[in-house]
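Student: Chains A and B supply the protein sequences, listed in that same order.
When you line the first sequence up against my numbering, it's residues 1 to 595, in that order.
When you line the second sequence up against my numbering, it's residues 596 to 871, in that order.
Because the hints were derived from the structure by calculation, they are not lab data.
The reader is advised that the hints may include incorrect statements.
[Stated by the list, open to error] Non-contacting residues of chain A with respect to chain B, defined by C-beta distances greater than 10 Å in every case (computed):
| # | residue |
| --- | --- |
| 1 | Leu159 |
| 2 | Met495 |
| 3 | Leu585 |
[Stated by the list, open to error] Which stretches of chain A does chain B cover? Using the computed rule of at least three CB atoms under 8 Å from a CB of chain B, they are:
| # | stretch |
| --- | --- |
| 4 | 300-311 |
| 5 | 500-514 |
A virtual CB, placed ideally from N, CA and C, is assigned to each residue, including glycine.
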Amino acid sequence: MSDRRAVGPRGEPRASAWCGPGLGHAFATAGAHVMVCLAVLATTVFAIVHEGAAGPVEVAGATAAATPDPAAAAPPVEGPDDAVPQEAPTPLRPIVVATKPFAESYILGEMFAQLLEARGFSVDRRPGLGATEIAFAALRRGEVDVYPEYTGTGLLAILGEEPPSSGGEAFRRVAAVFSERWGVRWLPPLGFENTYAVTVRPATADSLDLETLSDLAEVAGRLTAGFSPDFIGRADGLEGLRAAYGLDPGSVRPLLQAVKYQALAAGEVDVIDGYATDGQIARYGFRVLLDDRGFFPPYDAAALAGPALVRDLPGAVAALAELSGRLDEGTMRELNRRVEVDAEPVPVVAADALGRLGLTEGAPVGAERVPSAGGASGLVSYLWARRAPTLDQTRRHMLLVGLSLLAGLAVAVPLGLALERVRGAAEGVIRAVGVLQTVPSIALLAFMIPLLGIGVVPAVTALFLYSLFPMLRNTYTGVRDADAAAVSSARALGMNELQLLRYVRLPLAAPVIMAGVRTAAVINVGTATLAAFIGAGGLGDPIVAGLALSDTRMILSGAIPAALLALGVDAGLGTLERAVSPAGLEKPGRAPGVA
Amino acid sequence: MDQTSDRPQLSTVWSDPRFLETDSLTITTDQPADGPALSARRVLKRYGSVLALDEVSLDVDPGSSVALVGESGSGKTTLLRCFNRMVDADEGRVEVGGADVRRADPVDLRRSLGYVQQEGGLLPHWTILRNVALVPWLRGDPAAEEAAREALDLVGLAPARFGGRWPHELSGGQRQRAALARALAGSASVLLLDEPFGALDAITRADVQFTFTALRERLRPTVLLVTHDLREAFRLADRVAVMRTGRIEQVGTPDELRRAPATPWVAELMTKAGVA
Numbered sequence: 001m002s003d004r005r006a007v008g009p010r011g012e013p014r015a016s017a018w019c020g021p022g023l024g025h026a027f028a029t030a031g032a033h034v035m036v037c038l039a040v041l042a043t044t045v046f047a048i049v050h051e052g053a054a055g056p057v058e059v060a061g062a063t064a065a066a067t068p069d070p071a072a073a074a075p076p077v078e079g080p081d082d083a084v085p086q087e088a089p090t091p092l093r094p095i096v097v098a099t100k101p102f103a104e105s106y107i108l109g110e111m112f113a114q115l116l117e118a119r120g121f122s123v124d125r126r127p128g129l130g131a132t133e134i135a136f137a138a139l140r141r142g143e144v145d146v147y148p149e150y151t152g153t154g155l156l157a158i159l160g161e162e163p164p165s166s167g168g169e170a171f172r173r174v175a176a177v178f179s180e181r182w183g184v185r186w187l188p189p190l191g192f193e194n195t196y197a198v199t200v201r202p203a204t205a206d207s208l209d210l211e212t213l214s215d216l217a218e219v220a221g222r223l224t225a226g227f228s229p230d231f232i233g234r235a236d237g238l239e240g241l242r243a244a245y246g247l248d249p250g251s252v253r254p255l256l257q258a259v260k261y262q263a264l265a266a267g268e269v270d271v272i273d274g275y276a277t278d279g280q281i282a283r284y285g286f287r288v289l290l291d292d293r294g295f296f297p298p299y300d301a302a303a304l305a306g307p308a309l310v311r312d313l314p315g316a317v318a319a320l321a322e323l324s325g326r327l328d329e330g331t332m333r334e335l336n337r338r339v340e341v342d343a344e345p346v347p348v349v350a351a352d353a354l355g356r357l358g359l360t361e362g363a364p365v366g367a368e369r370v371p372s373a374g375g376a377s378g379l380v381s382y383l384w385a386r387r388a389p390t391l392d393q394t395r396r397h398m399l400l401v402g403l404s405l406l407a408g409l410a411v412a413v414p415l416g417l418a419l420e421r422v423r424g425a426a427e428g429v430i431r432a433v434g435v436l437q438t439v440p441s442i443a444l445l446a447f448m449i450p451l452l453g454i455g456v457v458p459a460v461t462a463l464f465l466y467s468l469f470p471m472l473r474n475t476y477t478g479v480r481d482a483d484a485a486a487v488s489s490a491r492a493l494g495m496n497e498l499q500l501l502r503y504v505r506l507p508l509a510a511p512v513i514m515a516g517v518r519t520a521a522v523i524n525v526g527t528a529t530l531a532a533f534i535g536a537g538g539l540g541d542p543i544v545a546g547l548a549l550s551d552t553r554m555i556l557s558g559a560i561p562a563a564l565l566a567l568g569v570d571a572g573l574g575t576l577e578r579a580v581s582p583a584g585l586e587k588p589g590r591a592p593g594v595a
Numbered sequence: 596m597d598q599t600s601d602r603p604q605l606s607t608v609w610s611d612p613r614f615l616e617t618d619s620l621t622i623t624t625d626q627p628a629d630g631p632a633l634s635a636r637r638v639l640k641r642y643g644s645v646l647a648l649d650e651v652s653l654d655v656d657p658g659s660s661v662a663l664v665g666e667s668g669s670g671k672t673t674l675l676r677c678f679n680r681m682v683d684a685d686e687g688r689v690e691v692g693g694a695d696v697r698r699a700d701p702v703d704l705r706r707s708l709g710y711v712q713q714e715g716g717l718l719p720h721w722t723i724l725r726n727v728a729l730v731p732w733l734r735g736d737p738a739a740e741e742a743a744r745e746a747l748d749l750v751g752l753a754p755a756r757f758g759g760r761w762p763h764e765l766s767g768g769q770r771q772r773a774a775l776a777r778a779l780a781g782s783a784s785v786l787l788l789d790e791p792f793g794a795l796d797a798i799t800r801a802d803v804q805f806t807f808t809a810l811r812e813r814l815r816p817t818v819l820l821v822t823h824d825l826r827e828a829f830r831l832a833d834r835v836a837v838m839r840t841g842r843i844e845q846v847g848t849p850d851e852l853r854r855a856p857a858t859p860w861v862a863e864l865m866t867k868a869g870v871a
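The shape of chain B in the complex, shown without the other chains (with noise of 0.2 Å):
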């Protein structure tokens, strides 16, 4: 298969009017305007003897986008998958869209948050037409297809080339796209990303990630990104919460982090990205 010319080019994704004109992907704002689409009160989760989440509080607002970062093990993936309850938290309060998450049905719950995780996780058996369309499918859409393939076009795949392929007849890239468009599919307002991009090359990371700012700034879903680098986090979210060991060490804008670091770890740590 050749990579070059499968991959989109991005500048003929933006200037495609459908990309601008789309507008049945709404992205639904039902969640109070002043109150977080995703609050953690004081969450603490135990594996065993382990503290994987020791008390930790994060807010994101409505169409923002939120980073986690640290080092493997910190916990950063325990605490985004508490708000889609494949975690349950021990104690604390975990709200999305200000209900508790304990008092929804995981599976509902699930169905209304969109969900990327490292190597895409997409179905192998199934084309990447009926993977993009499984959230309005479960959700009984009769119209999940043509759902599937805007969000197909929006991550950058055309449908009809695309959509009829195996997952394992695309390149790592346009995995990921798909995934990102599985997750889109279902008019999530949140976006659930966990290390997203972590498996991609430099330059095919690079391209999607800026499918996913110009998809930001159409969309404008509120985003929690779990990535262990903070260059991709500095370039991705408003805000970025550093994590060490079970515990959320400062969140701020890149700005607030570059400026003023509120432990030594987290300055060591920018200075070893380079984004200090």
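Same shape as in the complex, but just chain A (with noise of 0.2 Å):
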């Protein structure tokens, strides 16, 4: 994999952004996670004591991106404009509809998702994939048949090759080798493009008379810069400015996505690497420099489409066609900012877009806006219309959690009691399985697509690897470590091997292998939420299109539920860890009296 694919495209979170420093760190590890749910809880739990007999307020239209209002996707009635005759195709599946993790990609991928519904297919919807990696190795295996993309990214991103300038170029370019090497489809662009967008407050453009990047490059040695981390080390980003504009700042900071407006805001930073329909451009009125000398690769945005649709489903992929060159960059950008800055749901905007273009009934009944009533109230009502969704997600992060754990420990009880049997190993075999946990989550879960695809299975293989870990080393020390006095004289009087494991070692290192155990379930509590990237669900799907559409209720209805579920999992392991603990084992302040 060349340095360029590991490279995050336009504007979503990077693997290195969920892990590096900032926002995306409390959910990097589980107990940073659940140490920061707590606060949340805490706050929750005295909100819910509040609300008392207010009782549960119903909120219509409060729906995830995930779980559209059903009406929404109702194939039209007699549709009006309906004057080419759908054959009703009768697909053998459900059309597989994914997005990558930003609220562009989410109302895209809901566009597509409902025209396709009201063209008749039905449709399976994996939002969130966690980056271009896994959404497109996704695709390439079938297991998504069409998902949002933009050209320039096909291009640096998963060919590695230098963007032409222009766009039209470009989409020649990666439609004729996306074809021809994969069999995936490029279906002629939306009709905007979200190219990045070096954005200033009003202020700043007035005072120093700034229109253009060339403008900016005289002034910039004055300037605090606020880039995303991955703009900071692309070739096409700061250190292509630096060589095409001699564009260098005072000094630069790296910032993450989701904080950078806020921060330019604020005044904390000049100058940000933006996109060009960002909904917050809209939304604090910032000013977007000009690429005077068209430094920046053209990022035609466009429906990328599989193999086995572009075969099997020929009425489908020309359904998606409809949208091609129906979306200008004031649009999209207006439809960024609802979902954005006025935290309506994606599929009523979704919807509401298809209407207005003419190619769906439009919003549909009874879908009104969520109330936006601030505090812990309209928390805990919105948590309250959400409680089916949530049972769900929490079912789903249950297996994912259970069956991870189970195989682990299936591997590294037996595993730790061989490596007890074969010292030498045993240092050497547990510091790789340690190796193991360091890789971060988010690359561990990419790294499986193309092994085991997405969904179930590559996730719960990620968490399985995750357990071993712990469970491994307690195994080992516990049965190392067993009291030698005893596991000697055992031996000395007769025991047999397996008798001393089964009757001595076992037994006395049952609440330290408890102990692994427990360690393990409450890490895979907090890195299952991650599993959403890779479309395996779970609770880290409200966490990660909440963050995507920086929406904090959506996250909270996700992370308040996996904090809770990592306490109760703790505490009902450590129950257990005390009932394994056999009889008689000397506990503190019960030594015996000295002679």
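Combine the two chains into a complex, taking the hints into account.
Tutor: Now the structure itself:
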């Protein structure tokens, strides 16, 4: 995999963003995750207590991106503009529509999905796949049929080529190569481009008389820039800007997508790398500087259709192509603003957009906006309204954790026992397994895709690998360090090795082994939230979607149950740990008297 | 826990009719009457470059008690462990009851030999009764518990009172008594004792030593005792083997050692221990 492929494209949180400093860090480690959520939890409990008799508050249309209102999905009944009679296709399977984890991708994916449903296809939504590598690998493997992609990303991140400056050229290039190499089809572009947009406050632009990047280059030494970590490192990012414009900011601070606009608004930084269609630009009235030398590569958005879809369902491809050329930058920016700034549900915004384009009936009846009541009571009613999907996600989450833990237990305990027999090899093996622990979750998940595709199987496999280390280490040390005098005397009195294991070493090591299981379980509850990136579902779904859509309540609707689950699992396994601790083991404070 | 009340009064133990009448714990003496019960011939054991046993030879007659004394690292524990194959000799021949231990299955061999180590090594998660019943239970003896009760009685621990306790609920001396009972419960004719009283304070130690002496008189087991304490060796053994750097310097009765120490080192050892 080339460097370019590892680079995250367009505005989506990259792998490193999830593991680096800042917001994502809280979700990178289970411990921190739990800590963060505890504070939230206290607030929530407090709020629930005070909510008291108010009872459940129905919130219409408070559906997540993942669970659109069925009404929106219903095919139009005798659509007036249904000039071409649809040959009611009966697809063998639902069409899998995926997105990457940022607002624009969610909106476009939902539009694809609703459009396909309106044309009579059934759709399986897989929103928020973690990165370009994940989404594209899934597409190639036929596990995803279509997702929104950008030509520049296709060239840079997937093909590893230098993009030509002309948008049309870029599209022709990716269309030809993708089709030839993988049978993947780029549908004609949607009509807007979402390239980098170097953005400043209007006051800065006015006082320094900035209109273009060339203008900026002259004064950049006096300014502080806040750039995404990937922009700083990319050839088509800061490095390229230096070469093309001689643009060299006085200081550069790495900032994540989620906080960049706030930082600019607050005056923490003077210039940021935005994206042309960001709703936030409109929200704050920021000024985008003109790329007067045509430095940034073209990033035309288009539907990327997988080989199976192209081969088996030309009708679906044709339906998707109805969107080609229909969305301009202004429209897209407006849709992004409604989702990112106004916190409107993605399905509503998508239905609206399709309706205005005359492609479907439009917004479903009854899908009003979520009342934006602030404070804890608003959060409680939101969580209450979402209780059904939350319960499903919790079940799925427990399934992921439970399966991976059982598999880990089945491998780690026998392996730990075996290593105790060959102690020479033990430290090496355990250290090697420990190295797995240091692989960032998202990277490990991404690594699973080419081998196992997306969904539950790779997620459980990755979680299984994470669970190995604590259980293996504890089994090995627990059995190794089990009361040496007891073990040697039992052996000297004629216990064979199997009896020693069964009657002495395992019972004495049981509490230590259980402590390892407990550690692994809590880590897995936290890490499993990242499984959403590879379409495995669980409580990570609302967290990923909420982060992408800047919707705190949606994040909390996943984070709070995940924190509760971690606490519950920890408490439950703690009880089990005490239960398997053999009677008779000396407890603190019960030391025998000295003769 | 009140130690003074828990420790059985020796006078009551020895006057307990059950102790004197116990006869189910018979000592089996299936080896030829004339041959030694334990025998080591030119046994050599290396740990890497360290010579732990340097062509050591030793005989222990049936029913007699031999003590191995010496400093730490002199090879006494290694020699003891050659007899139950916790250590396998590199060279030489080790016999138990006239049979080469190399031909014996180690697990069967160990079940036939009583063994006590320093700090007892009771299983902390088993009750005292279950601990003591270990060897007969391993052999599949249905009367294992009964044997354990009798053995507990022998060492002065009332089974009804101590049988259900956990090892950590006993004092150090009581634990060593229990460990001794565990070695006896299998009706072994040979007891291998590795510093069995080494970790006890002087008074408790004297108590347990007294119990052991009485047991010897009653049951006449063959005893190989490892100790670093020459006074204990003189008290509990018929013959004493003084070991130094993997060799036996001298073997003899306490009297012989006193009268004619074979080397200046043996003489010095006895002077230091105050048994000369």
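Student: Next, verify each hint and record whether it holds.
Tutor: Now the hints, each set against the structure:
no.	hint	result
1	Leu159	61 Å, holds
2	Met495	7 Å, violated
3	Leu585	6 Å, violated
4	300-311	violated (count 0)
5	500-514	holds (count 4)
Checked against the numbered hints listed earlier, the structure breaks hints 2, 3 and 4; every other hint is satisfied.
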